[in-house]
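Student: Sequence:
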Amino acid sequence: MLPLGLNAYTFLGLNAVRALSILTLVLVFASSIMVMVDGVNAVRQGNNMPTGPLTDASGNEFDIECDYFEASTVPLQPAGVFFAILNRLFIIAQCLVLILAELGWPQAFFKNFLPVLGPDHGVGILGAMQVFLGAAVLSHHVPTFALVSAFFLFSVGLLNIILGLVFRTSIHSRRALLSWRNKAPSALTDNVDRATNAVSYATDVYSHYRSNSRASDVEKQPLQDEKHGDWESHSQKSAL
Numbered sequence: 001m002l003p004l005g006l007n008a009y010t011f012l013g014l015n016a017v018r019a020l021s022i023l024t025l026v027l028v029f030a031s032s033i034m035v036m037v038d039g040v041n042a043v044r045q046g047n048n049m050p051t052g053p054l055t056d057a058s059g060n061e062f063d064i065e066c067d068y069f070e071a072s073t074v075p076l077q078p079a080g081v082f083f084a085i086l087n088r089l090f091i092i093a094q095c096l097v098l099i100l101a102e103l104g105w106p107q108a109f110f111k112n113f114l115p116v117l118g119p120d121h122g123v124g125i126l127g128a129m130q131v132f133l134g135a136a137v138l139s140h141h142v143p144t145f146a147l148v149s150a151f152f153l154f155s156v157g158l159l160n161i162i163l164g165l166v167f168r169t170s171i172h173s174r175r176a177l178l179s180w181r182n183k184a185p186s187a188l189t190d191n192v193d194r195a196t197n198a199v200s201y202a203t204d205v206y207s208h209y210r211s212n213s214r215a216s217d218v219e220k221q222p223l224q225d226e227k228h229g230d231w232e233s234h235s236q237k238s239a240l
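Residue numbers for the sequence shown, in the UniProt record's numbering: 1 to 240.
Derived from the structure by calculation, the hints contain no laboratory data.
Hints are not guaranteed to be accurate.
Unchecked claim - Each pair of labels, with its calculated beta carbon distance range:
no.	residue 1	residue 2	range
1	ALA71	LEU158	27 to 33 angstroms
2	SER207	LEU165	53 to 59 angstroms
3	SER211	ALA108	49 to 55 angstroms
Computed from a predicted model, the values in this text were never measured in an experiment.
Every residue gets a Cβ at the ideal spot worked out from N, C-alpha and C, and that includes glycine.
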């Protein structure tokens, strides 16, 4: 196995973090849709929790106060349903934007409208947004799938903040495709370059040899013509 250079390992590590970041964003995107659907179903079913004073088996009275629709994150307050759904839509939209920012497409859009997520800035702001999204999801009682996805997103966001502070704007060029090949070739590319140089050198030597051979043939041709003329004149004299 041929050893790789430092830039190659940096390239692989940064792209592994980017792939993990995209994966966690996709998971949060999917889990947010699931939570939003559960909230809508809970609102349609209504709140079946009992309210007011109740009596236990011992005859003691107690009160039950439920601030959310049963098994949902939708609060029982004015416009609670609207803002709960709007919050999930914002999370879904931000996940889509961050996924596109990690992919670097469309680059012109981020350069003109969201430059902090474009190639002219590092991934620190992107990591901060991931941390905020993770905290927003974790601040509610959510199912296990959404809980685990948000924890992963929060952790990856912290990692992106650290990478943004370390590499700054150079992180985009370091993790770009073929960046490790262009900056610090590995042993494999060294061998390929050496073989290419050897073939080029052999081709040059062969071309030089061929050109010299052709020049020698051109120089010898007049001498052969002269000898051939002398032989013909000598033959004519002998015939006379």
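Student: If a hint holds in the structure, say so; if it does not, say that too.
Tutor: Hints versus structure:
Against the hinted window of 27 to 33 angstroms, the Cβ-Cβ separation of ALA71 and LEU158 comes to about 31 angstroms, which satisfies the hint. The hint said 53 to 59 angstroms for the Cβ distance between SER207 and LEU165, and at roughly 54 angstroms that hint holds. A hinted range of 49 to 55 angstroms holds for the C-beta pair SER211 and ALA108, which are about 51 angstroms apart.
Consistency note: the structure conflicts with none of the earlier hints.
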